[in-house]
Each structure stands twice: as structure tokens, then as C-alpha cells.
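There are 2 protein chains.
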Amino acid sequence: MDEILSYIQGNKERYFAELKELLAIPSISTNPENGPDMQRCAQWMADQMRIIGLQNVKLFPTAGHPIVYGEWLGAPGQPTVLIYGHYDVQPVEPLELWTSPPFEATVRENRLYARGSADDKGQVFIHFKGIEAFLKIKGSLPVNLKLLIEGEEEIGSTNLGAFVEEQKDLLSADLVLISDSSMFGENTPSICYGLRGLSYMQVDVVGPNKDLHSGSFGGAVHNPIQALAEIVSRLHDRNGRVTIPRFYDDVRPLTRREREAFKKLPWSDRKFAGELGVRQLYGEKGFTTLERLWARPTLECNGIWGGFTGEGAKTVLPSKASAKISMRLVPDQSSTKVARLFERHIKKLAPKSVQTKTTLLHGGEPAITPIDSPGVTAAVAALRKGFGKTPLYQREGGSIPIVVQFKEMLGIDTVLLGFGQPDENAHAPNEFFNLDHFFGGIRTIVHFFNELPGHMHGPRKKR
Amino acid sequence: MDEILSYIQGNKERYFAELKELLAIPSISTNPENGPDMQRCAQWMADQMRIIGLQNVKLFPTAGHPIVYGEWLGAPGQPTVLIYGHYDVQPVEPLELWTSPPFEATVRENRLYARGSADDKGQVFIHFKGIEAFLKIKGSLPVNLKLLIEGEEEIGSTNLGAFVEEQKDLLSADLVLISDSSMFGENTPSICYGLRGLSYMQVDVVGPNKDLHSGSFGGAVHNPIQALAEIVSRLHDRNGRVTIPRFYDDVRPLTRREREAFKKLPWSDRKFAGELGVRQLYGEKGFTTLERLWARPTLECNGIWGGFTGEGAKTVLPSKASAKISMRLVPDQSSTKVARLFERHIKKLAPKSVQTKTTLLHGGEPAITPIDSPGVTAAVAALRKGFGKTPLYQREGGSIPIVVQFKEMLGIDTVLLGFGQPDENAHAPNEFFNLDHFFGGIRTIVHFFNELPGHMHGPRKKR
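So the sequences go chain by chain: A and B. Following numbering that gives the first Met the number 0, the numbering of the first sequence begins with 0 at its first residue and continues without gaps. Following numbering that gives the first Met the number 0, the numbering of the second sequence begins with 0 at its first residue and continues without gaps.
Honestly, the hints are just simulated from the structure, not real lab data. Please note that the accuracy of each hint is not assured.
A pair counts as met if it fits within one copy or between any two copies, since identical chains are not told apart.
When the alpha-carbon atoms are kept at most 25 Å apart in a straight line, the in silico BS3-like pairs for lysine-lysine are as follows [claimed, not checked]: (1) Lys351 to Lys284; (2) Lys209 to Lys137; (3) Lys11 to Lys336; (4) Lys209 to Lys270; (5) Lys270 to Lys351.
Note that this is a predicted model, so its numbers are computed, not measured.
Take these sequences, add in the hints, and give me the full structure.
Okay, here's the thing in C-alpha cells:
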């Protein structure tokens with residue numbers, strides 16, 4: 000292993016140059032005008048796979064953006080790891096809040112700033128470099144690998160499910176490995192054993208059939224902005240609980256062991272509030288902040304718009320107002336069931352003076368991975384060696400819907416080996432990737448490949 | 000008068016051509032990029048004044064858009080009328096809802112569609128053509144005229160007050176005549192004796208100091224969109240009353256005569272709701288629709304925005320959300336006092352978990368003109384002759400702040416001789432001007448000039 004680690008140490012500059020090239024491609028999956036960039040990014044991924052020594056590299060077209068696949072199957076009898084990641088990124092608006100351009104990776108204070116640096120191109124790149132180091136030095140890997148890199152994670156992985164379903168044989172493996180989440184904190188390695196799911200909705204409220212002059216009509220018609228505000232304001236009660244009937248019915252309660260594990264994590268509400276610049280936190284009564292973030296379902300308004308939003312004053316009473324509202328889900332909630340409950344509740348809340356339309360924009364299920372599964376124990380050992388610290392156990396507030404699909408379609412668990420950090424601004428301006436995590440990540444990945452066979456064959460057989 | 004009326008009849012085609020030219024200038028005062036158009040439109044107005052025979056025509060520069068002035072003072076001993084109008088127009092968004100381009104005046108079903116056709120370029124043009132007809136045929140007018148056409152009415156007439164204050168002598172007159180409002184209905188002439196005032200506010204709600212990932216942070220921070228929705232939803236109570244303490248303190252109650260006059264107007268709530276496409280009207284309990292629109296103060300959300308508002312799904316928990324909220328005021332409310340009450344109320348409603356900022360964007364006072372003043376009685380006589388019908392008395396829900404300034408600065412009342420109609424889409428897509436009103440308006444104006452001296456000298460002296 001020393002030789003491999005030296006190789007990694009010796010190639011840092013080149014890694015940077017390559018990663019900058021990757022991060023320069025504006026692979027925003029939700030924008031139709033970035034279609035050619037998506038193609039270019041997929042091609043970059045495929046070329047890179049070939050360069051590092053993967054075989055059977057292919058671009059699979061989909062109804063949306065292509066899926067990139069590559070494999071190395073030269074370790075018969077050893078476990079097969081399916082590595083999943085995504086090359087698409089979130090939009091970059093509001094652009095004026097970026098300190099450096101989102102697609103020109105820039106290092107400041109040991110952080111690499113760029114859209115996709117942490118979510119998820121930078122983390123996919125870690126795997127590439129771990130594989131490269133192993134194959135370059137040893138000529139082989141201790142495990143079999145299959146890489147599946149998609150381009151639609153940020154828009155709900157629309158076409159991935161069908162692909163996995165179709166390609167069950169191609170993708171068959173012993174476990175999935177994903178690096179698309181955060182460690183607990185800066186240089187605080189942790190292993191993530193749970194993810195929240197998501198039901199992302201749009202609510203449109205329509206009042207009068209056209210925009211009206213607010214002087215001539217104000218006071219006699221229910222203003223759709225007001226009606227929408229009334230609806231949104233009634234989605235939480237005074238205790239910060241979501242008011243949708245039966246919303247909490249399927250929530251798996253936290254075990255005492257989990258609550259205690261969370262309490263061991265280094266955490267300060269005051270520091271958290273200070274970092275976010277708020278005087279007071281907000282959330283569901285009866286739960287700590289980490290419990291609210293990881294183990295409780297929540298509802299957030301992601302966007303709202305209606306009427307005149309430009310500079311100056313336009314006295315309009317608009318015809319329509321809309322909101323994007325998403326719910327984060329925890330085991331054992333179902334995204335489609337929650338979407339139905341939401342729609343029913345909105346209908347009930349809507350006054351007769353307006354019309355409402357509710358649309359499910361996308362959904363994903365929550366997930367939990369057993370802490371004592373061999374993939375997790377191998378990951379814990381690898382993190383200890385890669386970062387020189389004992390990792391902590393945590394959950395993650397975000398969603399990786401594909402984890403559930405892998406479980407359902409391929410029957411295998413996912414190990415979430417994330418190298419981001421919580422304040423990395425994923426989905427916001429000034430996204431960055433901590434460079435210590437980047438190099439610690441590459442070291443952890445090579446250790447993981449090295450550790451996994453022992454954990455799969457060893458402890459499991461003893462049981 | 001017959002000769003004058005024949006002249007008007009004979010020049011219809013030319014009027015159209017000229018008006019189309021005027022309406023083609025995109026004089027949107029709120030958009031900085033339309034600055035040159037504003038200049039061009041002011042110049043067009045000045046040229047037109049010279050063409051129809053006005054004297055002393057001048058463009059007065061201001062800190063914003065220029066003011067156009069012209070006069071005819073050849074009737075010594077006769078009353079002097081100050082005609083006010085504006086050449087600026089509202090923005091045209093959303094453009095996709097216009098059937099024909101907003102700056103290409105198009106006739107469909109006896110209506111002239113264009114931004115500014117009714118509010119207010121088309122109505123100013125009526126005065127031009129009335130003056131032209133009189134001077135062309137008679138060589139003189141029965142009254143003295145001063146025309147004051149500004150370019151900032153749609154952005155709060157920011158620089159007009161100072162101009163009027165400075166030019167008191169130039170503008171001195173016996174009454175103000177404004178055509179910038181609507182008749183009660185299609186071919187239903189009416190005289191408007193009251194206007195609502197306006198306090199137009201912006202509320203900004205700031206939560207976390209940056210946009211956050213709604214998965215990683217959702218449930219632990221007060222979402223500013225939610226906080227804003229909570230605030231907006233609490234600005235009305237269950238009875239549709241505005242909840243701002245002391246908001247109704249200075250409201251002058253409707254007299255029994257007014258309530259009865261309003262009941263005489265042809266009105267159907269069902270028809271009104273049907274035209275607007277709403278199943279149910281909304282408003283302050285205990286008042287009829289016309290009372291709500293004309294004689295009760297109201298509060299409307301004119302715009303709201305925050306977070307992701309594009310296509311698709313972005314899982315952001317935004318840092319900020321904003322709303323434009325305006326209050327329509329009635330006598331004897333004060334726009335600055337109401338703005339202060341609003342600001343105080345918002346502060347009280349805002350939860351500690353967010354910060355709010357309230358800004359007064361602009362304000363104007365409500366106004367009432369005596370029904371038995373000579374200007375109004377002359378207008379009633381002129382409308383009867385111009386349209387061949389006895390006009391009704393009404394109020395108007397919108398605001399013309401300058402009416403209050405003329406009263407305060409020049410000490411004179413304003414006669415509101417509006418030729419629009421309520422569904423004309425002022426401030427909205429597909430603004431139009433009814434062509435019967437256009438020609439009836441020109442006839443009414445020449446009758447008004449002819450009637451006024453008798454009403455001023457006659458009845459007034461008898462008292």
C-alpha cells in the first residue's frame with residue numbers, strides 16, 4: 000500500500016489539472032440549453048475511465064442525459080463493488096453571489112471552489128484516482144469494480160431506474176459504494192448510515208383569469224399570493240410540526256442507541272446558528288437539531304413567485320402565484336403516499352375563492368444501511384487509515400433516491416462514503432471541496448478496495 | 000359647436016394614425032433602459048402641442064423624466080383650466096399574454112389594443128384633439144388652458160411635486176382637469192368624485208446568511224419563505240379586515256346618500272365574479288363590492304418572490320424572500336401614517352428566527368371632490384352632450400396622487416373626467432381603449448370647454 004500512497008502523493012498537481020478540466024464543463028442537467036455540455040461531460044467521464052484502465056467503457060443513451068459505464072473484473076472470487084456517482088450539477092443562480100466563476104475552479108484557503116466540486120464530480124474523481132493508483136502500481140485491484148455515473152441525479156434520476164432494471168446482469172454486484180454525501184465536519188471522518196427521502200411538489204394558485212389593476216380591483220377578489228401565503232403558513236403548526244394529516248404515521252422512531260450516538264457527535268446549536276447568521280433556530284418541538292435534520296421528516300418551501308417582482312412598484316393584483324414545496328422523508332415513509340397526503344391537504348386548505356393545482360415534481364425514498372454490514376465495517380477501517388482518525392456514525396438530511404432503487408432492483412445495500420463537509424454550499428453559490436478531504440478521500444478509497452475482501456469473506460463467514 | 004363636432008367626425012382616420020405613432024413609443028418609466036424612449040415621447044408631446052396651436056411649449060427637465068408644458072391664454076376674464084396627464088406607461092410583462100404586441104396599436108372589435116391606450120396616452124390625446132378642433136374652427140377657446148403632461152405617474156410622480164411647488168405661478172388655474180380614470184362601464188358615462196390613496200411597501204425577510212441545501216438544513220432553520228408567508232397570511236383576519244392596529248382609525252364612513260347612490264349603479268356581483276373567472280368573491284365583511292373597491296381601505300400583495308423559481312426542482316432553502324405589498328387608502332387616511340403603522344405591525348408579526356426590512360416604495364393620498372362644484376357640474380353637462388346619456392356618480396379604486404398635491408399646492412380642486420372602462424386591462428396584458436369612448440371623449444371635452452364659463456360665472460355668483 001505504501002507504494003500506492005506515494006504515487007497518490009506524487010501526482011497531486013496532475014490531479015488538480017484534470018479535476019479543473021472536469022469542473023469547467025457546465026453540466027447543469029435541469030437547463031435544456033446545457034444539453035451539449037452534458038454530452039461533453041459524459042464523454043469526458045468515459046475518456047477518463049479508459050485512461051485509468053477500466054474496460055468495456057460505454058455511453059448508454061437515455062431519454063434524457065447519457066449514463067456512463069466502465070468496469071474492471073479481473074479479480075475472480077473477490078467481491079464486486081458497484082460505484083455510483085453523477086456528473087450533473089445544480090444550477091448556479093444567483094450568479095452574483097459567487098466569489099469566483101462557478102465553472103472556473105479556484106483554490107482559496109485550501110478549498111477548491113466550483114459548482115460540482117463536492118456534489119458530485121469531485122467525489123467521483125476521487126474514485127477514478129484511487130483506481131488509477133492501484134492499477135498503475137499493482138497492475139490489478141483486490142476487488143472487481145463496476146462504475147455507473149449518471150447525468151440526472153439533480154433532476155430526480157428520471158431515467159436511471161429503467162436502466163438499472165434493464166441492466167440487472169451488467170450491474171450485479173455485492174454492494175454499492177457512493178461518495179455523494181458529507182463527513183460530519185471538517186477533518187471529522189464519519190460514515191453515513193441513513194438518508195432522507197423526498198417528495199418535491201409544486202403548488203399553483205389561480206385567482207382571477209388575468210392580472211388586474213390592484214387599485215381598481217383590490218379588496219374585492221381573493222389575491223392568489225395572499226391565498227398561497229395562507230396555505231403555506233398553515234403547513235406548520237406552532238410547534239414546528241407539519242400539519243398534513245397522517246404525515247408522521249410511518250415515521251420509524253429513533254432508538255435510544257441512535258439518540259445517544261447523535262449526542263456523542265461534536266455539536267453546538269449556538270455555533271450552528273452563528274454560522275448560518277440566525278438569532279434563533281427553528282424546528283419541530285421535542286427534537287434536537289441533529290434529530291430534526293436526520294431522523295425527522297420536514298417540509299420546506301424551496302421557491303415562491305407571483306405578481307410583479309422587478310424593481311420599482313407595479314400595482315398589479317396577479318392572476319396566479321406558485322410555490323415549490325418539498326418534504327424530506329425518513330424511514331418508513333413513502334414518497335408517493337406523502338405526495339398524496341400533501342395534495343389532499345392542499346385541497347382542504349384552499350379557499351373556494353381560488354383554484355389550486357398540485358404537481359409531484361419528483362420523489363425518492365428514505366434509506367437506512369445496517370451498521371454491521373461488511374461494506375460499512377470495511378469503510379470504517381478505510382476511513383481510519385485514510386484520515387488517521389476513528390470515524391463517527393451519522394445520518395444525512397439529503398436524499399440519494401438511487402440507494403433505494405439499488406436495494407429494490409439489485410437487492411444490495413449501499414455504503415455511503417462521503418467526503419464533503421456540511422458547509423460546502425452544495426446547491427448554493429460558492430460550492431467548495433476541502434482539499435484535505437479530497438486527498439484523504441483518495442487514500443480512503445484505495446484502503447477500502449484493500450480492506451473489503453477480508454470483511455466480506457472474514458467476519459461474515461464466522462457468524 | 001356643430002362645426003367643431005363635424006371637424007372631429009371628419010378627422011377620425013388622421014387621429015388614429017397619430018395616436019398609433021404615440022402608442023408605438025415604449026415609454027416605460029420604471030425601466031432604466033427605456034430612458035431614450037421617455038425623451039422621445041416627451042418630445043412627441045411637445046411637438047403635438049405646437050401643432051394643435053398651444054403656445055409657450057416647453058420641456059422641463061427633472062431629476063427623472065421630463066415634464067411637458069404648453070398653454071393657451073387667449074380668453075381673458077374666463078376660467079383657466081390646468082389639464083394634467085402622463086405620457087409614461089406600466090411595464091408590459093408578462094409579454095407572452097399579449098394577443099398583439101403592446102407597442103403596435105391594433106384594433107379588434109372596436110377596441111384599440113396597446114400599452115398606454117387607456118392609461119394614459121390615449122386620454123391625453125383626447126384633450127389634444129379637442130383643443131385642436133376648437134382652435135382650428137373657431138380660432139380661439141372659451142377658456143384658458145394650461146397643459147402639464149408628466150412622465151413619472153407610474154413610478155409615483157417623484158419629481159412632479161417639487162415642480163408644481165416651484166412653478167405655482169405658471170400653473171395657477173381655477174381647476175384641474177384629468178382624464179386618467181374609467182367610466183362606470185362600457186358606454187356608461189359617469190363622473191368620478193373620489194380616489195383612493197396608496198402606500199406601496201416592500202418587505203424583505205432574511206433567514207440564514209446564504210442559500211442552503213434543503214436536505215442538509217431543512218427542518219432546523221426558519222425558512223424565510225415560510226416566515227414571509229406567515230406574515231402575509233396574518234395581514235387579514237377571517238372577516239377580510241386588515242389586521243394592522245389603528246389601520247381603520249381615520250377612515251371617513253360612507254354617508255347614507257353615498258351608499259344609496261352606489262346601489263343605483265348597474266352592478267352584479269355574479270357578473271363581476273364571472274368576468275374575473277372566480278367562483279367566489281372575497282373582501283371585507285359588511286360591505287358591498289363597490290364599497291370595498293371605492294370607499295374601504297384594502298391591502299394587496301402585488302408581488303412575492305424567493306428561492307428557486309425556474310423550471311424543474313432545485314432543493315434550496317433560500318436566504319431571503321420578499322414581497323411587494325400595497326395598501327389602498329380612503330379619506331381621511333394618510334399614506335405616511337399608514338406606512339408607519341404597517342412597518343410597526345410587520346416588526347411585531349416577524350418571528351425572532353428571521354430579520355425583516357420594510358421599505359416605503361411610494362405613497363399618495365386619497366381624495367374627494369365636491370359633487371356640486373362648478374367643474375363637476377360642467378363635466379356632467381358635457382358628458383350628457385358628448386355621450387347622449389345622463390352620467391352616474393362614482394368613485395375610483397385607484398390612485399392619482401397628484402390630485403392631492405394640486406389641492407395642497409395650488410389650492411384647487413380636480414375634476415376627474417375619465418374615459419376608460421373598468422375591464423380595460425390597465426397595468427395588465429392586452430390594455431385597450433374603447434373607440435366609442437375615444438370619440439365620445441373628444442366630443443365631451445369640447446363641450447366641457449364650452450360649458451365651463453357658464454358654470455363658473457353663473458351658479459357660483461348666485462350663491
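Which of the numbered hints above does this structure break? Those not satisfied are hints 2 and 3.
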